[in-house]
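S.K.: Number 73 in the numbering used here belongs to position 73 of the sequence shown; there are no gaps in the numbering.
Keep in mind the hints are simulated off the structure, nothing from the lab.
Check the hints yourself; a few may be wrong.
Calculated cross-link-like contacts (lysine-lysine; reagent style BS3-like; alpha-carbon spacing at most 25 Å) [unchecked claim]: (1) Lys59 with Lys266; (2) Lys200 with Lys159; (3) Lys245 with Lys193; (4) Lys65 with Lys274; (5) Lys193 with Lys159; (6) Lys323 with Lys395; (7) Lys274 with Lys92; (8) Lys307 with Lys395; (9) Lys307 with Lys363; (10) Lys200 with Lys245; (11) Lys363 with Lys395; (12) Lys92 with Lys59; (13) Lys395 with Lys356; (14) Lys346 with Lys401; (15) Lys304 with Lys401; (16) Lys401 with Lys356; (17) Lys346 with Lys356; (18) Lys92 with Lys252; (19) Lys274 with Lys252; (20) Lys274 with Lys59.
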Amino acid sequence: MCGTEKLSANKPALDKCSLPSDNDSKEHNHLISSDTLIINLDHGDPTVYESFWSKMGEKCTLVIKGNDLMSYMSDMSRLCWFLEPELEEAIKSLHRVVGNAVVEDRYVVVGTGSTQLYQAVLYALTAPGGGDPVKVVCAAPYYSQYQAETDLLCSGLFKWGGDASAYDKDGAYIEVVTSPNNPDGHIREAVVKSRRGEGKVLYDLAYYWPQYTPITRPADFDIMYFTFSKSTGHAGSRIGWALVKDEEIARKMTRFIELSSIGVSKDSQIRAAKIMGTICDNYQDFESGNSESFFEFAHQLMAKRWKSLREVVEGSEAFSLPKYPKEYCLFHGEYTEAYPAYAWLKSSEGIEDCEKYLREHCKIVGRSGRRFGADPSFVRVSMLSREEAFEQFLKRLLSIKGIKNQN
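Kindly produce the complete structure, drawing on both the sequences and the hints.
M.R.: So, in structure tokens, the structure goes:
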């Protein structure tokens, strides 16, 4: 943003692919209840948090002048030379407030979202001249983009190896552990038994935040990465960060990002630092009763949505949902359930392809279980949409009764 000019958020077009946002004109309100409108819940676009940030007003306003942040470099004396010092400090402060990760004695590497960090880690954990590409595996159901991201450039360094639960090959491998898991929300650990220390593990902790799951301990792994989009909802800034123990791995990750994009947007980094700082400041005020905590707000919102969805699903014979145990959350100071960012819906016997059924009969677009290495009776549905889309999603599910042999 140049000077004090404000940028309005890009709103989805009012076509047959999305619902209007809170700020769209009232003349479109009749479209919200239209049965012909497609509800696209395929992507985890975290617009659910817009209402909180709109209340923050000037607390998150950032003025970037035309001559600010013009250089590629942030601090050439640091290993990750394009990481803004303000962002590094904000990241560490946020993790200390939440208690979800150990930040002491870690290198912080910033990336353009967790997608770039994933590629950077794979690059850092492999080396040319090693013979066959190193297999990359993840226990099913696994994040649907892992395979595509791994094999995108047909690298000679690494190659997708499929379900980690079924992996029994000799030689080097990389296991990706997503915890809480995308798509089903369960807490995960590594499943491949390392032979002679040939396996490496990286932890995708994008959803290890207190609105989605109980924070039972600070994560303390060699390589773990997080994302701004799922922690605070600011997906458009495209900021992710990794906490890395080993200096050489952090150095190779930095080199990958240097070669692929010559660093990461400073504008986005400074905005992320400002918003993270606001969260930390508000948390201190919240403890004294003077402010609203973002994570308390988000937790209550996700809990409300999951309660509503479970009531609808339990009243139907057509679908079922996973159950999650109550665990003590260090952040909330009480026993809580998990309220994942996605609903992992399973259809009844009468619906063989859940994604197809919802799309054709209810005009709800989800992501098929096939994409996650699972059965097509499963579908992943985002719980992070704007309120209008979520309410319409519940309404359409409610209209579906028990189904037997309909295919």
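S.K.: Determine for every hint whether it applies to the structure shown.
M.R.: Now the hints, each set against the structure:
| no. | hint | result |
| --- | --- | --- |
| 1 | Lys59 with Lys266 | 20 Å, holds |
| 2 | Lys200 with Lys159 | 14 Å, holds |
| 3 | Lys245 with Lys193 | 22 Å, holds |
| 4 | Lys65 with Lys274 | 16 Å, holds |
| 5 | Lys193 with Lys159 | 19 Å, holds |
| 6 | Lys323 with Lys395 | 22 Å, holds |
| 7 | Lys274 with Lys92 | 13 Å, holds |
| 8 | Lys307 with Lys395 | 14 Å, holds |
| 9 | Lys307 with Lys363 | 23 Å, holds |
| 10 | Lys200 with Lys245 | 13 Å, holds |
| 11 | Lys363 with Lys395 | 12 Å, holds |
| 12 | Lys92 with Lys59 | 20 Å, holds |
| 13 | Lys395 with Lys356 | 18 Å, holds |
| 14 | Lys346 with Lys401 | 14 Å, holds |
| 15 | Lys304 with Lys401 | 23 Å, holds |
| 16 | Lys401 with Lys356 | 17 Å, holds |
| 17 | Lys346 with Lys356 | 13 Å, holds |
| 18 | Lys92 with Lys252 | 22 Å, holds |
| 19 | Lys274 with Lys252 | 28 Å, violated |
| 20 | Lys274 with Lys59 | 9 Å, holds |
This entry does not satisfy hint 19, going by the numbered hints stated previously; all others are met.
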